[in-house]
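Under my numbering, the first residue of the sequence shown is numbered 96, with each subsequent residue one higher.
Any given hint could be a false lead.
Across the chosen pairs, the derived CB separations fall in these ranges [what the hints assert, rightly or not]:
id, residue 1, residue 2, range
1, S313, D163, 29 to 39 angstroms
2, D233, A286, 43 to 53 angstroms
3, E171, V258, 28 to 38 angstroms
4, W235, D283, 19 to 29 angstroms
5, S251, A333, 35 to 45 angstroms
6, D325, R246, 20 to 30 angstroms
7, V156, T224, 53 to 63 angstroms
By construction, these hints were calculated from the structure, which means they are not laboratory data. We put the beta carbon where it would ideally sit given N, CA and C, even for glycine.
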Amino acid sequence: MKSTKVKELAVAEFWIACSSACVLPKDAKRSGVYQDLVLSGRVEERSVHRVAGAGVVGPAVVFREYHDALQKAGLEYVNAGGGESGPHVFRHKVPGQPVRWVVVKDNFEGYHSLFLIEEKSRASTVSVTELATSIKADGWATLYIEFDTNRSELKSDGQAAVVEIVKLLRQDPGLRLSIDGHTDNVGDAPANRKLALARAQAVLGAVVAQGIDTKRLSAKGFGPDVPIADNRREDGRARNRRVELTRLP
């Protein structure tokens with residue numbers, strides 16, 4: 096017997112920690128064992144009641160069935176949060192699409208919960224007002240521009256970011272910017288620095304193509320050398336893959 100309930104159809108936070116997996120209410124405080132994984136996106140909770148024979152064969156066998164089926168569907172098994180009972184975390188990455196996650200958790204007496212999360216893309220474009228405010232306050236602003244793996248060509252969201260950078264530079268003719276590329280630590284560090292520079296140069300070139308004087312801009316590639324989050328975690332690596340606009344004197 097199965098029943099499905101939609102827990103949340105809007106953007107919500109989903110928290111995964113050892114032995115815990117739940118949709119978080121607004122402003123919830125969280126604490127867990129080992130490392131937490133917090134996702135933002137469209138969340139559905141599907142509760143599967145009384146998996147046939149689960150009470151006899153145990154959660155390990157039931158999980159193996161889920162594991163095999165999800166891997167056949169192209170999902171990658173990421174980790175187990177709390178032993179046999181889970182939560183067990185799977186990830187599905189397809190270029191050009193939001194990352195999707197499936198979390199399987201044994202509850203009790205044959206009851207299992209499946210959570211499906213469609214991850215909200217990290218904002219790649221911010222408004223010119225947000226850029227100006229951040230640069231005035233901190234001296235820099237961060238953009239999460241999506242690039243294909245090991246590529247530096249700008250995609251549509253990158254072009255949208257360029258439009259806002261151009262607006263920023265036009266409204267403040269005295270502003271000079273360093274466009275700084277950053278990566279996570281996956282792969283070879285020198286290659287990542289080269290890739291980060293190529294991506295920064297791609298942004299610079301697109302800005303100059305809109306009529307901005309190249310003398311007002313520079314490009315740097317830092318690769319994995321200046322992380323702002325934990326590279327051991329997927330969400331941390333995603334935060335580290337970024338382009339920063341740094342005000343020049």
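Structure-based check of each hint:
{"no.": "1", "hint": "S313 <-> D163: 29 to 39 angstroms", "in the structure": "52 angstroms, violated"}
{"no.": "2", "hint": "D233 <-> A286: 43 to 53 angstroms", "in the structure": "30 angstroms, violated"}
{"no.": "3", "hint": "E171 <-> V258: 28 to 38 angstroms", "in the structure": "35 angstroms, holds"}
{"no.": "4", "hint": "W235 <-> D283: 19 to 29 angstroms", "in the structure": "26 angstroms, holds"}
{"no.": "5", "hint": "S251 <-> A333: 35 to 45 angstroms", "in the structure": "19 angstroms, violated"}
{"no.": "6", "hint": "D325 <-> R246: 20 to 30 angstroms", "in the structure": "25 angstroms, holds"}
{"no.": "7", "hint": "V156 <-> T224: 53 to 63 angstroms", "in the structure": "55 angstroms, holds"}
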